[in-house]
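With the hints as constraints, model all of the structure from the sequences given.
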Amino acid sequence: MRALLRRQRYLLDYSLSSLARRPGKHLALLLVYSLVVFLLASTLLFTQSLRREAALILADAPELIVQRLVAGRHDLMPADYLDRLGQLRGVSDAYGRLWGYFYDPAVKANYTLLVPRQEPPVPGEVRLGAGVARTRGLGVGDYLSLRSARGEPFSFRIAGLLEAETELVSSDLLLLNAEDFRRFFAFPADRFTDLVLRVRNPSEVRKVAEKIALALPDTRPILRDEILRTYDALFGWRQGLIIVLLGGALLAFVIFAFDRAAGLSAEERREIGILKAIGWETGDVLRMKFWEGAALSLTAFLAGYLLAYAHVFFFAAALFAPVLKGWAVLYPDFRPLPFVDGLQVATLFFFTVFPYTVATIVPIWRAAITDPDQVMR
Amino acid sequence: MPLSPALLALTLASLTQAGLLLVAAGFALRILRHWDLNSGSERQLDLERRTYLVATLVAWVFGANLLSLLLFVYNAEQLSTQFVGAMCATGVLNANAWGWPALYLKMALFFAGATWLLLNRVDNQAPDYPLVRPKYALLLLIAPLALAEALIQWQFFSGLKPDLITSCCGALFGPDAQGVAAELVGLEPATSLAALYLSGLAILVVGLLYRYRGWGGRLFALLAALGFVIALAAIVSSVALYVYEHPHHHCPFCLLKTGHDLVGYLLYPPLFTATALALGIGLIRIWHRVPSLAGVIATEGRRLVGLALMFFGLFYGVATWLILRSNLVLLGSG
Numbered sequence: 000m001r002a003l004l005r006r007q008r009y010l011l012d013y014s015l016s017s018l019a020r021r022p023g024k025h026l027a028l029l030l031v032y033s034l035v036v037f038l039l040a041s042t043l044l045f046t047q048s049l050r051r052e053a054a055l056i057l058a059d060a061p062e063l064i065v066q067r068l069v070a071g072r073h074d075l076m077p078a079d080y081l082d083r084l085g086q087l088r089g090v091s092d093a094y095g096r097l098w099g100y101f102y103d104p105a106v107k108a109n110y111t112l113l114v115p116r117q118e119p120p121v122p123g124e125v126r127l128g129a130g131v132a133r134t135r136g137l138g139v140g141d142y143l144s145l146r147s148a149r150g151e152p153f154s155f156r157i158a159g160l161l162e163a164e165t166e167l168v169s170s171d172l173l174l175l176n177a178e179d180f181r182r183f184f185a186f187p188a189d190r191f192t193d194l195v196l197r198v199r200n201p202s203e204v205r206k207v208a209e210k211i212a213l214a215l216p217d218t219r220p221i222l223r224d225e226i227l228r229t230y231d232a233l234f235g236w237r238q239g240l241i242i243v244l245l246g247g248a249l250l251a252f253v254i255f256a257f258d259r260a261a262g263l264s265a266e267e268r269r270e271i272g273i274l275k276a277i278g279w280e281t282g283d284v285l286r287m288k289f290w291e292g293a294a295l296s297l298t299a300f301l302a303g304y305l306l307a308y309a310h311v312f313f314f315a316a317a318l319f320a321p322v323l324k325g326w327a328v329l330y331p332d333f334r335p336l337p338f339v340d341g342l343q344v345a346t347l348f349f350f351t352v353f354p355y356t357v358a359t360i361v362p363i364w365r366a367a368i369t370d371p372d373q374v375m376r
Numbered sequence: 000m001p002l003s004p005a006l007l008a009l010t011l012a013s014l015t016q017a018g019l020l021l022v023a024a025g026f027a028l029r030i031l032r033h034w035d036l037n038s039g040s041e042r043q044l045d046l047e048r049r050t051y052l053v054a055t056l057v058a059w060v061f062g063a064n065l066l067s068l069l070l071f072v073y074n075a076e077q078l079s080t081q082f083v084g085a086m087c088a089t090g091v092l093n094a095n096a097w098g099w100p101a102l103y104l105k106m107a108l109f110f111a112g113a114t115w116l117l118l119n120r121v122d123n124q125a126p127d128y129p130l131v132r133p134k135y136a137l138l139l140l141i142a143p144l145a146l147a148e149a150l151i152q153w154q155f156f157s158g159l160k161p162d163l164i165t166s167c168c169g170a171l172f173g174p175d176a177q178g179v180a181a182e183l184v185g186l187e188p189a190t191s192l193a194a195l196y197l198s199g200l201a202i203l204v205v206g207l208l209y210r211y212r213g214w215g216g217r218l219f220a221l222l223a224a225l226g227f228v229i230a231l232a233a234i235v236s237s238v239a240l241y242v243y244e245h246p247h248h249h250c251p252f253c254l255l256k257t258g259h260d261l262v263g264y265l266l267y268p269p270l271f272t273a274t275a276l277a278l279g280i281g282l283i284r285i286w287h288r289v290p291s292l293a294g295v296i297a298t299e300g301r302r303l304v305g306l307a308l309m310f311f312g313l314f315y316g317v318a319t320w321l322i323l324r325s326n327l328v329l330l331g332s333g
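First to last, the sequence lines map onto chains A and B. Heads up: the first sequence runs through residues 0 to 376, numbered per numbering that gives the first Met the number 0. Heads up: the second sequence runs through residues 0 to 333, numbered per numbering that gives the first Met the number 0.
There's no promise every hint is true.
[Claimed, not checked] So the derived list for chain B, only partly shown, Cβ under 7 Å to chain A, looks like this:
(1) P4
(2) L7
(3) A8
(4) R48
(5) Y51
(6) L52
(7) T55
(8) L70
(9) Y73
(10) Q77
(11) T80
(12) Q81
By construction, these hints were calculated from the structure, which means they are not laboratory data. Given the structure is predicted, the values throughout are model-derived calculations rather than measurements. All C-beta atoms in this analysis are idealised placements derived from N, C-alpha and C, irrespective of residue type, glycine included.
In structure tokens:
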């Protein structure tokens with residue numbers, strides 16, 4: 000065992016010194032290799048963190064949301080539906096929500112107006128998401144003026160800003176009082192935007208949803224699990240799409256790697272010839288080349304992955320964010336939580352190291368079977 | 000098919016593996032027809048050189064297969080959020096008819112690959128390469144397996160429709176279900192644990208006999224294969240229960256979750272490695288009468304059986320530890 004390890008160590012030693020002797024040749028490959036890993040790893044890391052963020056946010060979301068549909072369109076919910084739903088067995092809590100969108104022509108952006116259930120602001124005051132505050136240049140104590148649905152000007156005093164940690168969801172948010180909300184939008188008093196049900200036992204959620212669909216046929220129950228699943232599928236799909244698009248780059252890289260490995264210089268051929276003349280076997284040359292590839296791959300993989308890690312977690316994935324996040328006028332400033340995932344590293348391995356190795360096996364073998372007398376003559 | 004990166008990676012990997020093995024199979028045909036070590040012809044020289052290429056390719060393919068086996072299970076685990084009713088890998092593998100066959104084929108390919116590599120290793124140590132023909136004939140059998148694996152995995156992935164209502168491990172491994180899984184669950188913990196330890200004892204005894212007396216190599220392989228099946232059955236029917244501390248949770252995949260301290264990674268890799276080594280011993284024993292191999296097989300056999308016993312020991316040790324540390328009482332009144 001020890002002899003085997005020592006043998007591999009010497010081979011590795013030799014490969015490293017051989018790499019160091021021709022730094023220029025390998026630098027280009029290393030650069031391209033790292034770049035490919037970087038691109039793929041950035042995509043994977045960023046979408047994965049979006050998924051996690053969505054899951055974290057939705058963890059506290061209600062189990063069931065009920066919306067009313069009229070002619071297939073989302074409509075306002077009559078308040079008396081609330082009593083009928085609250086009596087369903089398994090529902091521990093039911094309440095109506097008030098929320099809506101408002102287009103602000105001053106900054107050409109949509110805000111989300113919402114009446115929070117807990118600690119709503121006092122009438123005349125609002126709490127603002129960081130994105131809105133940034134775009135309008137507002138701070139605590141300032142006044143925000145908007146035109147209501149009836150065309151009257153409305154002035155809100157800013158009581159506070161929302162925490163930056165939740166910016167992905169709260170960037171465009173404007174929290175206000177129920178009375179203000181109804182007056183601002185001229186919202187009927189006996190209506191809600193939608194209803195929310197809390198179901199304590201997760202295995203009863205589907206049953207409750209079924210009952211709702213039967214009792215109130217003009218409504219549509221939306222399960223939290225369904226939202227989560229959709230996000231998961233959506234982000235996974237975007238990730239896959241980018242990878243398919245990067246497939247071209249990957250193919251180019253494979254061809255490049257093949258070409259590099261195939262185009263041995265006369266000097267390298269001579270070197271292999273000499274090695275074989277002094278007693279190296281074909282297997283040894285293969286092993287030496289394998290270590291060379293492993294050293295290159297490991298360096299490129301680590302460099303690319305670390306760069307991607309920094310890109311995503313320290314620079315908020317500046318290169319890809321617009322495509323992967325979706326689009327909105329008020330871009331949230333989103334700092335994902337750093338993490339490393341085994342599945343991702345393995346996936347990345349199959350997209351980079353695996354094709355690289357497959358592409359270089361044949362050229363390496365060709366080099367390894369060289370006859371000493373052929374190249375030294 | 001959900002266009003997720005892990006699925007793309009697995010598909011890419013299995014298609015490449017199947018492609019490479021097909022190339023290797025083409026070469027195997029040439030070997031079977033033209034190999035003649037005594038000839039000095041150019042063709043023979045070329046064949047000899049190509050064996051290096053093919054052996055390297057095949058080693059890579061099997062290495063990649065091992066990784067893709069892990070990725071497959073891990074990925075199934077992660078996909079479970081996208082299917083209604085699926086709570087872990089079991090639910091995802093049940094999403095259509097191809098899930099379990101894909102997993103079984105991957106496992107079969109793993110064992111085939113590991114035994115082939117052992118055979119190759121032994122053959123390379125004899126000066127006259129006496130096993131070249133059997134080795135490449137075996138490769139001809141493995142290549143269709145890889146092809147089937149790639150195709151069935153593709154069927155599985157392309158048939159995955161998120162939203163489909165699938166049965167989770169609760170339903171598959173529940174008392175009302177039918178089929179192999181339900182049979183496994185139906186086993187009494189006492190029976191399965193007794194079988195587990197008896198098979199372990201038999202493996203140990205025969206393994207030691209083979210190591211020190213040189214008897215019973217093939218019996219060892221047979222017992223190990225049997226022990227592997229018994230071990231999997233025991234994991235489903237009792238060891239898993241001890242880990243989850245729940246008398247009705249039988250899932251073999253939830254063991255791989257962080258919530259259960261990733262103990263699955265302590266159980267499965269030693270079990271798979273040990274079984275692969277034992278199967279390899281059984282295979283190479285077939286040629287122990289070949290003069291140039293007799294010595295090699297004797298030494299290799301002793302070494303391999305030692306390793307296999309070590310990994311089996313690790314597996315049984317971990318399983319016992321899991322049972323002992325558990326608060327669940329399945330046998331007796333505690």
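Hints, verified against the model:
1. For the restraint placing B:P4 at the interface with chain A, the shortest Cβ-Cβ distance is roughly 5 Å, inside the 7 Å limit, so the hint holds.
2. Against a cut-off of 7 Å between C-beta atoms, the interface hint on B:L7 holds, since the closest Cβ of chain A lies about 6 Å away.
3. Interface restraint check for B:A8: the shortest CB-CB distance to chain A comes to about 4 Å, inside 7 Å, so the restraint holds.
4. Here the hint on B:R48 is kept, as its CB sits about 5 Å from the closest CB of chain A, short of 7 Å.
5. Look at B:Y51: its Cβ gets to within about 5 Å of chain A, closer than 7 Å, so that hint holds up.
6. Checking B:L52 against chain A: minimum C-beta separation of about 4 Å stays under 7 Å; hint holds.
7. The beta carbon of B:T55 comes within 6 Å of a beta carbon in chain A, closer than 7 Å, and the hint placing it at the interface holds.
8. Hint on B:L70 holds. Least Cβ distance to chain A is approximately 5 Å, under the 7 Å limit.
9. Look at B:Y73: its Cβ gets to within about 5 Å of chain A, closer than 7 Å, so that hint holds up.
10. Interface restraint check for B:Q77: the shortest CB-CB distance to chain A comes to about 6 Å, inside 7 Å, so the restraint holds.
11. With a least beta-carbon distance of about 5 Å to chain A, the hint placing B:T80 at the interface is held under the 7 Å criterion.
12. For B:Q81, the interface hint holds, the least distance from its beta-carbon to any beta-carbon of chain A being 5 Å, beneath 7 Å.
Going through the hint list in order, the structure satisfies each hint without exception.
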